[in-house]
Amino acid sequence: MQWTSWSAFFDMGGYAFYVWFSFGLTALCVVWEVISLHKRSKTALRLSKILAQG
Amino acid sequence: MSINWFKYSSPQTFYPLAGKMIPWFAFLATIFAIAGLYISFAVAPTDFQQGEAYRIIFVHVPAAWMSMVIYIAMAGWAALGLALNARLSAMMAQALAPTGAIFTLLALVTGSLWGKPMWGAWWVWDARLTSELILLFLYLGFIALQSSIDDPRRADRAGALLALVGVVNVPIIYFSVKWWNTLHQGSSINMGAAPKMAATMLMGMLLMALAFWMYTVAVALMRVRCIMLERERSSDWVKALSVSTGEKL
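Residue numbers (the working numbering), protein chains in the order written: chain A, 1 to 54; chain B, 1 to 249.
Misleading hints may appear alongside valid ones.
Claimed, not checked - What the simulated footprint calls covered on chain A by chain B, stretch by stretch (three residues with Cβ under 8 Å from a Cβ of chain B suffice, anywhere in the stretch; the number is not a length): (1) 5-14; (2) 20-33; (3) 41-53.
In short, the hints are calculated from the structure, not lab data.
Source: prediction; values computed, not measured.
Think of the CB as a built atom: it goes at the ideal place given N, C-alpha and C, for glycine as much as any other residue.
Let's have the full structure, built from the sequences with the hints guiding it.
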């Protein structure tokens, strides 16, 4: 293990902003993409249902 | 035993198959990501030159790899769709483009976040950075072109041509650090040469790349299912499916 404490871990040797921004943005993109695809699928199914029943 | 692959080339039969595959790829992506992040932050040692900032490599390099791999896969599916006039292949190309664009953007932004503390600049117009930016424009151009043409078959053909012409950019990105004098460092891994980086760093990078790869397959399958539903909205199979899933109106 590289870290003496949690605060040292979060500080990333003074590069906290650069490191956590990189990883955070990546995580955000993943979450956004999955949620938006989930919504898109629901919308498509709902529209087809309206077509099927209309 | 022989499998009739053509059976799966119709959206109607591929839709449920893709649905069964998604959880497996999502599971693999999660496992690889947990292992990769553990090595990235807990096992890999501090770099003697760059300190902790180098840890950006564990998202930057896999994202950059995926940006190129996805483009080649997208162009391959597009070419297949063009050659065989196969609608599922064209849908696969369309499903890969947004994920490829996201990884390209991530490669550029994380590169910028790495460049600022190490080079002192967010951006430089060197060959590696510029060609990766062109890759982003190619993805966005492909998406915009496809969505601007109403007839899906014509949109597929136009998109496929753009994707194929743009393939020339991928080797330019890959070899840019060799062909030109770039501020960007050389390849992290060279074919046929022993890696110069620590084994744990390499392992972390490879695990993160595998996680991104499995993630890409999972979201591309999710998106291709959406595209199938949207394009075949008025077909009987989509109507029957939408009624049976019980979505609220």
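How the hints compare with the structure:
| no. | hint | verdict |
| --- | --- | --- |
| 1 | 5-14 | holds (count 4) |
| 2 | 20-33 | holds (count 8) |
| 3 | 41-53 | holds (count 12) |
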